[in-house]
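K.L.:
What follows is each chain in one-letter form.
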Amino acid sequence: MSEPALLEARDIEKRFGSVVALRGANFDLNSGEVHALVGDNGAGKSTLIKVISGVLQPDGGELLLEGQPVRIHNPQEARRLGIETVYQDLALAGHLDAAGNLFLGREKLMPPPLGWLGFLDNKAMHRRAAEEMRHLKIGIKSVERPVLTLSGGQRQGVAVARAVAWGTRIVIMDEPTAALGVRESLMVLELIRETRNQGIGIVMISHNLPEVFGVADRITVMRLGQTIASFRRDETSMEAIVRMMTGAEAQYLAAGGSPA
Amino acid sequence: MTQQTAPTQVEEPFEIEAPEAPPAPLRVALTAFGNFWILFFLLALIAYFTITSPNHAFFQGFNFKNIALDTSEVILMAIGETFVIVTAGIDLSVGGILVFSGVAGGLVMIHFSGTVAQTSNLQYPNASVAIPLGIAVGLAAGSGWGLLNGLLVTTLRLPPFIVTLGTLGMTFGAADLLSGGTNLASVPTTFQNSLGNGTILGLYAPVIVALIAVIIAFFLLRFTRFGRYTAAIGSNEDGARRSGINVDLHLIKVYALTGFLCGLAGIVDLARFGTENLSAHNTDNLDAIAAVVIGGTSLFGGVGTILGTVVGAFIPTVLKNGFVISGIDPFWQELLVGATIIVAVYIDQWRRRRLSK
Amino acid sequence: MSRRIWHIMSGVVVASLLAFSVAGLPHQLGRAHAKQFTFYLIPGISTDAFYATMHKGAQAAANRLGAKLIFQGDPNNFSAPTQIPILNAAIARHPDAILIAPTDKTALIAPIRNAVNAGIPVITVDTFINANLAVTNVSSDNVLGGVTAGKALARAVRFKGTVAAISVQPGISTTDQRKQGFEQQLKQYPKITYAGIQYCNDKPTIAANETSALLARYSNLAGIFAMNTNSGLGVTKAAQTARRAGQVKLVEFDAEPIQVQALRQGQIVALVAQDPYSIGSMGVNLAYKWVTGKRAGIRKHYGTGEAILTRANINNPALKRFIYTK
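Protein chains in written order, with our numbering: chain B, 211 to 470; chain L, 983 to 1339; chain Z, 60 to 385.
Bound-form chain B, shown alone:
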């Protein structure tokens, strides 16, 4: 019997009043893979992600981590289970430096007695932060500059490093290159690959299909609250994905077209 997936979401249902956001969504993720989640606006991608990261509770279906069923009641619990989210707005404190952001909420204190008064061990944090940046091959000359002085791609790097530095197994990335230019997007895609190579499982929401095809190992299409198809990257094409996102696939097949 093959190893269970790192993460599995089975038949997830979610309702908001009379609006059905998810009606039987299925998703799974292995370690060391990038699994992209695509779909048109309102397809349910964000909702599914929020269920996985503990922001929302499902009304039906179940989540399994390494084969074990789990209930994730809030983002803090998700964190404890090793699930981190890198939000579209990055949630970085711009005035703090990369080390400050990396360790935000988890600061290293000086040994006692200074530690009892809350004194920070900045040297140790800077050292560790520089290491993490090197690990992920993010080029930042100084981890001691405020992150708002960094470029968009570097900020993304800091956000990912923060997500990854704490024994995380699953990173969820919401539109990672949405606000970036070409050069910076390439840098971020490289970063995603590097993260995957560390054995971490990445769920990536994106509208940018060329980039999806550039970095994803698997692609799942959502439409109207359901996960309608799941492919390995080499099993499909962008055109096919677009057809499935827009619901034109059925017509296409009926007209004699070949899938993918």
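Incorrect hints may have been included.
Here are some chain B residues the structure puts well away from chain L; computed CB gaps all over 12 Å [as the list claims (entries may be wrong)]:
no., residue
1, Arg233
2, Gly242
3, Arg289
4, Asp299
5, Glu317
6, Gly325
7, Asn332
8, Glu341
9, Gly377
10, Thr456
11, Ala464
In silico EDC-like links for lysine to aspartate or glutamate, alpha-carbon gap of 16 Å or less [as the list claims (entries may be wrong)]:
no., chain 1, residue 1, chain 2, residue 2
12, Z, Lys385, L, Asp1311
13, Z, Lys115, L, Asp1230
14, Z, Lys94, Z, Asp155
15, Z, Lys127, L, Glu1219
16, B, Lys260, B, Glu341
17, Z, Lys246, Z, Asp200
18, Z, Lys359, Z, Asp200
19, B, Lys351, B, Glu341
20, Z, Lys348, Z, Asp155
One side only, chain B facing chain L, incomplete, derived with CB under 7 Å [stated by the list, open to error]:
no., residue
21, Ala301
22, His305
23, Leu314
24, Gly315
25, Gly328
26, Phe329
27, Leu330
28, Ala334
29, Ala388
30, Leu390
For the record, the hints were derived by calculation from the structure and aren't laboratory data. All C-beta atoms, glycine included, are put in the ideal place defined by N, C-alpha and C.
Since the structure of chain B is provided, determine the placement of chains L and Z on it from the hints.
P.N.:
Relative to chain B, chains L and Z alone:
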């Protein structure tokens, strides 16, 4: 039909062209004042008044000691205000908390020092018990109001401006109620002579109190987790929350700290003048906020400087003192103080814009 | 706008600030003079016409004697915390004498002692302190003023009814004395009910609010005694707004232009006017005497006169100097 593939290789690692940062202690020293320009400005003012005052009367130990004394209460309030503004909040109630704490502490002191007959004849037989009690009550009162500010801001989710505007009125009103609208009868003379007029190492006691507070606050803001959380919340409150920081609890602590410092300022005020004059503190909040902003802390939060605030607090008092010594027409003085501040802050903003290009 | 223009503009602003400051500086250019004495006059609050009139009298005397007079006071508050820094700065300048109207009987003792210890003689004008530090004190006879006000108010309310008083703060020597005289005099009138005294901290708005509250509480309030300029301003205003000035008899201390106008219009019955002009000039004269060594015979107190201004005598030229002007 060919698939579009995105290029998968980046040519070189992405780097910013930044010079190597200077060694740590030097950097701490250089940025300690956050706002070096404002320090230069203050020194230039001191030099100006030294040169132009008759017999260089401005430049005397006696005068500097008094300037420091006159600034000590504003410094205490402005320290708290710095923390609040770094969280991207604001506290308008500082003067009111000062006054209420002074009145509360003073009333307790007088009440427990002796009978009414004794105290109205300036006899304070139980002063050694009453004075510490009064101080404790004053500090507790200040912290209590600060705590209330914090609770209202975090639970009612109202803008700090509105909340503290409300407590500003409440504290002055409550102080009026407690004191019956008049200045208090005089507090024990030993209290006044020690904390109010006493000197330690040649500096007036209130100055020492302010100095200790400055030192503690400097380290607190810059080198501790408390300071780090303060800046993080001001920089990105939502991000701080998502990082697991208990933002509400921290904000309550920050406002309570400010209340405590205002309570301390109230005790100092009581010691200096023997009583509380409510209307003299009506615009303390503006003085405190001005000190913080002139000192270089951004009103938008995220970054702040305690030493800058201290410099910012001194600029108006140095100006007023210099004007009185030089005999400038009193009706021009307010105008000149305001104009000088605008010039100082403008040049600083211009300098920063230059640097960030 | 280009950066250069901004540079020039800020340079101009800074330069004009410096120019203004220099314009206010004493001129000590080269010429050898017979020693010119420098005196400071520190009022309780610089924006009160009472002190402005005192300044005029003091300045006239200084001009006559060839002395330099520097007038420095807080424009917003009559209080010790705002007056003491100014006194301390004056002491640093080390003038030949300081004339001051202390804002608090006790809080100003220590700072005034500093001045005396530094060798600067201090003359208290108008108010005084509870310590024997000053060379002399020049003021109106405030107890008598209070007694006179009591008599005038009693007569105006025909010796019966409820009356109240508004004052500044306890602890100010002048108003404390007026209160003393007034309350003492009221005891002479068994049919007059005294509703007590309230304090307005020298803020006309507070005095106005307190007056409105009194008018609301006592629908047949017969009269009010306001014990200084700012209380008077507030009391008059509130009575006018309530349209009861004239019905409620107002007796006020001091004679600001607004009060005089209200007097002429019949809204105020009587003004107990001090003579701040004489307080100022007498203060400077005494300071000059002291610093030139003519100390024998200087008494501890000099009283200046008061005048009762009524609608009947307001235009009397002999009384003109009792009307305060800014």
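K.L.:
Run the C-beta distances from Arg289(B) to all of chain L and say if the shortest one exceeds 12 Å.
P.N.:
At about 7 Å from chain L, Arg289(B) fails to clear the 12 Å cut-off, so the statement is violated.
K.L.:
Per the CB criterion, is Phe329(B) less than 7 Å away from chain L?
P.N.:
Holds. Min distance 5 Å.
K.L.:
Mind checking the CB of Leu390(B) against every CB in chain L and telling me if the closest is under 7 Å?
P.N.:
The hint is violated - Leu390(B) has no Cβ within 7 Å of chain L, the shortest such distance being about 11 Å.
K.L.:
Tell me if Gly328(B) is really an interface residue toward chain L, meaning its C-beta lies closer than 7 Å to one of theirs.
P.N.:
Hint on Gly328(B): holds, closest Cβ of chain L at ~4 Å, below 7 Å.
K.L.:
Does His305(B) pass the interface hint, meaning its C-beta sits closer than 7 Å to a C-beta of chain L?
P.N.:
It holds, given that the least Cβ distance between His305(B) and chain L is near 4 Å, below 7 Å.
K.L.:
Taking the closest pair, is the beta carbon of Asp299(B) still more than 12 Å from chain L?
P.N.:
violated, 8 Å
K.L.:
Between Lys260(B) and Glu341(B), is the straight-line Cα distance small enough, at 16 Å or below?
P.N.:
At roughly 30 Å apart (the allowed maximum being 16 Å), Glu341(B) and Lys260(B) break the hint.
K.L.:
Quickly compare the C-alpha distance for Lys348(Z) and Asp155(Z) to 16 Å and report which way the hint goes.
P.N.:
holds, 11 Å
K.L.:
Find the nearest Cβ of chain L to the Cβ of Arg233(B) and say whether that gap is larger than 12 Å.
P.N.:
holds, 29 Å
K.L.:
Straight-line Cα separation of Lys94(Z) and Asp155(Z) no greater than 16 Å?
P.N.:
holds, 11 Å
K.L.:
Hinted pair, alpha-carbon criterion (16 Å max): Lys385(Z), Asp1311(L). Please report holds or violated.
P.N.:
Between Lys385(Z) and Asp1311(L) the Cα gap is close to 15 Å, so the pair holds against 16 Å.
K.L.:
Is the interface hint for Leu330(B) satisfied, with its Cβ closer than 7 Å to some Cβ of chain L?
P.N.:
holds, 6 Å
When held up to the earlier numbered hints, the structure conflicts with 3, 4, 5, 6, 7, 13, 15, 16, 17, 28, 29, 30 and fits the remainder.
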